[in-house]
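Here is how the chains run, residue by residue.
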Amino acid sequence: MISEMQTGIQIGIYLVMALSVFAALAAVNLPNIFHAALAFIGTLLGIAGIFISLRADFLALAHILIYVGAVMTLVIFAIMLTQRLSDPNVRQHNNLSAPAFLGGLAFLTLMAKLIYTTPWPVKAAGTVPHVSVMDLGQALMTTYVFPFEVISVVLISALLGAIVIAKKDPL
Amino acid sequence: MDQIFVTLKSGILDQLGRFLPDWALVVHSVLISITAIAILGPVTMMYLTLLERKVVGRMQNRPGPNRVGKWGVLQPIADGIKMLTKEDIVPLRADGVLHFLAPVLIVMPALLVFAVIPFGRNMTPVNLNIGFLYFIAVSSTSAIPIFMASWGSRNKYALLGGMRVIAQMISYEVPMVLAAVPVLMLTGSLSTNDIVTAQSGWGGLQWFALTPWGFAGFIIFFLCGVAECNRSPFDLAEAESEIIAGFHTEYSGMKFALFYMAEFMNSFTVSAICTTLFLGGWQGPGFLPSWLWFFLKTYSLIFVMIWFRGTLPRFRIDQLMGLAWKLLLPMTLANILIAGFWHFTHGWIKIAGSIALVIASYEGLVRLNQRYTPEKRVYTFAE
Amino acid sequence: MIFGSGILKGMLVTLKNFTSSYFKGPDEGGLFTVQYPEKRLPEKENFRNFPFLVFDNTPDNLRCVACDICAKECPPKCIYIVREFDKEGRPLKRPATFDIDLTVCMNCGFCEEACPFDAIYMDHDFEIANADRHDKLLYHKDDLLKSNEYFRKIRPTNASAVDARRHEAEEKKKAAAAAVAAKAAAPKPTPPAAPNSPAA
Numbered sequence: 134m135i136s137e138m139q140t141g142i143q144i145g146i147y148l149v150m151a152l153s154v155f156a157a158l159a160a161v162n163l164p165n166i167f168h169a170a171l172a173f174i175g176t177l178l179g180i181a182g183i184f185i186s187l188r189a190d191f192l193a194l195a196h197i198l199i200y201v202g203a204v205m206t207l208v209i210f211a212i213m214l215t216q217r218l219s220d221p222n223v224r225q226h227n228n229l230s231a232p233a234f235l236g237g238l239a240f241l242t243l244m245a246k247l248i249y250t251t252p253w254p255v256k257a258a259g260t261v262p263h264v265s266v267m268d269l270g271q272a273l274m275t276t277y278v279f280p281f282e283v284i285s286v287v288l289i290s291a292l293l294g295a296i297v298i299a300k301k302d303p304l
Numbered sequence: 023m024d025q026i027f028v029t030l031k032s033g034i035l036d037q038l039g040r041f042l043p044d045w046a047l048v049v050h051s052v053l054i055s056i057t058a059i060a061i062l063g064p065v066t067m068m069y070l071t072l073l074e075r076k077v078v079g080r081m082q083n084r085p086g087p088n089r090v091g092k093w094g095v096l097q098p099i100a101d102g103i104k105m106l107t108k109e110d111i112v113p114l115r116a117d118g119v120l121h122f123l124a125p126v127l128i129v130m131p132a133l134l135v136f137a138v139i140p141f142g143r144n145m146t147p148v149n150l151n152i153g154f155l156y157f158i159a160v161s162s163t164s165a166i167p168i169f170m171a172s173w174g175s176r177n178k179y180a181l182l183g184g185m186r187v188i189a190q191m192i193s194y195e196v197p198m199v200l201a202a203v204p205v206l207m208l209t210g211s212l213s214t215n216d217i218v219t220a221q222s223g224w225g226g227l228q229w230f231a232l233t234p235w236g237f238a239g240f241i242i243f244f245l246c247g248v249a250e251c252n253r254s255p256f257d258l259a260e261a262e263s264e265i266i267a268g269f270h271t272e273y274s275g276m277k278f279a280l281f282y283m284a285e286f287m288n289s290f291t292v293s294a295i296c297t298t299l300f301l302g303g304w305q306g307p308g309f310l311p312s313w314l315w316f317f318l319k320t321y322s323l324i325f326v327m328i329w330f331r332g333t334l335p336r337f338r339i340d341q342l343m344g345l346a347w348k349l350l351l352p353m354t355l356a357n358i359l360i361a362g363f364w365h366f367t368h369g370w371i372k373i374a375g376s377i378a379l380v381i382a383s384y385e386g387l388v389r390l391n392q393r394y395t396p397e398k399r400v401y402t403f404a405e
Numbered sequence: 043m044i045f046g047s048g049i050l051k052g053m054l055v056t057l058k059n060f061t062s063s064y065f066k067g068p069d070e071g072g073l074f075t076v077q078y079p080e081k082r083l084p085e086k087e088n089f090r091n092f093p094f095l096v097f098d099n100t101p102d103n104l105r106c107v108a109c110d111i112c113a114k115e116c117p118p119k120c121i122y123i124v125r126e127f128d129k130e131g132r133p134l135k136r137p138a139t140f141d142i143d144l145t146v147c148m149n150c151g152f153c154e155e156a157c158p159f160d161a162i163y164m165d166h167d168f169e170i171a172n173a174d175r176h177d178k179l180l181y182h183k184d185d186l187l188k189s190n191e192y193f194r195k196i197r198p199t200n201a202s203a204v205d206a207r208r209h210e211a212e213e214k215k216k217a218a219a220a221a222v223a224a225k226a227a228a229p230k231p232t233p234p235a236a237p238n239s240p241a242a
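Protein chains in written order, with my numbering: chain B, 134 to 304; chain X, 23 to 405; chain W, 43 to 242.
Among the hints, erroneous ones may be present.
[To be verified] Simulated coverage check for chain B against chain X, where a stretch passes if three residues somewhere in it have a Cβ under 8 Å from a Cβ of chain X: (1) 167-179; (2) 195-204; (3) 208-214; (4) 265-278.
Quick caveat, the hints were computed from the structure, so don't treat them as lab data.
The model shown is predicted, which means the values in this text are computed figures rather than measured ones.
Beta carbons: idealized from backbone N, C-alpha and C, even for Gly.
Please take these sequences and the hints and turn them into a complete structure.
Rendered as structure tokens:
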């Protein structure tokens, strides 16, 4: 019985993965840029599903909150302000598509090489330690406090930059 | 009485357990919860429409709907039948798929949020240890279907309404989360269950809203919640007098009803989460069952929402943005600071320090929110 | 002056309205809506709606003489009158057909003003809603006929004035007839000039 459920869950995970790959392909290939953005949201949701299947609930929800809730909304907002939003005559490719393809391929091989050469610590099923939000917070405030602070400085400078750009008169 | 729904569910599961294997029982347990939520959501929405029409009517010296059934109790059913039988109109040049998908998708986050609401003692459908984050994450996705609706109907009013919704939702999400931060900070947990149990002192009356920082947080959270579900006075997205009906201008029949349903379920869930965070959830003196306390508090918050609608005129867009970014956001930040100070210091330092912080932040806010006075212009030709 | 006190004041106003709608009467700020089909406001005497034809005592005895003045006066031309003729083809002083198309009538009351015979008056009946606008809203003579008692009931002031005037005219006519008769009786009996001539 339990194994049946597990196969069911596994099928579900593969479905989610297939969905996110499909949505990613759609995001690249759809001629309508708004549809492409929506397909990209599908990809992000699929990735969140994969996180959930890896028991990283916090990461999954933070992913949804930040990427779907905030970043993609802003992306769509920006798309809305573009011209020729759903013009079917817009070309999908320009002259740089071949170098772009090569670059993507290079990145893919790099990632694949990294993934295959990294020794992944394999643990028996069921012994995955559950990382609580408290642990995450403590890690952020102790071990990783420097990158955390650097990120916050980057965000603050981005905010200030946005204000400076948006302000009409020089400060 | 307190555990009536819990016993009901376990009784059903016991009966099913006689002829079902264990794993099927797990599935059925989930299914029962889902069914309860799936019934609760639409029924809540139906009767909220009636409540809203009644209350707003009374505030305007009208009796409200009173024809269908005694006191109009069957009015929502009549409305539902009308909605179902209305013609479904799709604009000729609309984006068909998106136009169809948007009302379907907009109900999803509204319904999903119900999963983490503690309706009563032992009555949280899913006890997630990051329940509040779940609420924020899921409700933040409801901007996407609104965008789909506004873009898919190929209507300028819909597009304007959609843009307004998104601007509003992004802006108000920030102070909303920050207003809840003191609660999460002091509870040390994101789980809605833990937040409710943290307020169990004083015979179930030690609510966070009864502390100074909690009261401020409660007001800010509630205001942001009202803005999040696009209710009056923050209903610029559907401002009838300006942009017809905003993002659902081109919807009719059941699709329109779904938008309406999502809006009302959102106002229910926002009130419910507000109750959970600040009003002690299902905690209360023991003479009433816990779920009744929960619904009483939630419905009184909904009543306040309707009361707002019956009283206040609509904001202008710059006032709306100004309220979120220039008033509520600094207030929440100061509130976090004061909550920490209040909680981790003792004696006279606590009182004096908190008061000093309040005064300092008040001064800062007043200075920040000084009215902009444009410099005197000289017109050469218009005199 | 605290920040937001204006909002609180406004909210108190609506809350007062809300509570008074439950606990106070219509004159003290409570609900003043009258639930129409079950309860009605008393009709105002000067309310005027679609016209009707007045008859005295029996429906045969209607006041209308088919003079066609109202039909000519009617701005939207919603009155249609056909005079009745007797068997020899002589015109009678009564209408054979008197139709008013209520879908066209605009309730101006000019017919009432124009009628020299006090025959047509404006009614109080406004509940004429109907599913069939072609047949049911074209009122024929039988639909339009209503008794003088009804007129007296709905518009007592106007009706009594009209009745008094008619009574006076009647009296005058009788007196004139009596005078004529007396004059006729006093000298030598002469052949009656026109005994069958119409009295009106």
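Original post:
Per the coverage rule (Cβ-Cβ under 8 Å, at least three residues), is the region 167-179 of chain B covered by chain X?
Top reply: holds (count 4)
Subject >> Coverage assertion for the region 195-204 of chain B with respect to chain X, Cβ distance below 8 Å, three residues required >> reply: Holds: 6 residues of the region 195-204 of chain B have a Cβ under 8 Å from chain X.
Original post:
In terms of beta carbon proximity below 8 Å, does the region 208-214 of chain B have 3 or more residues touching chain X?
Top reply: holds (count 3)
Original post:
Has the region 265-278 of chain B got at least three residues whose CB is nearer than 8 Å to a CB belonging to chain X?
Top reply: n = 3 at 8 Å, threshold three: holds.
Of the numbered hints listed earlier, not one is contradicted by the structure.
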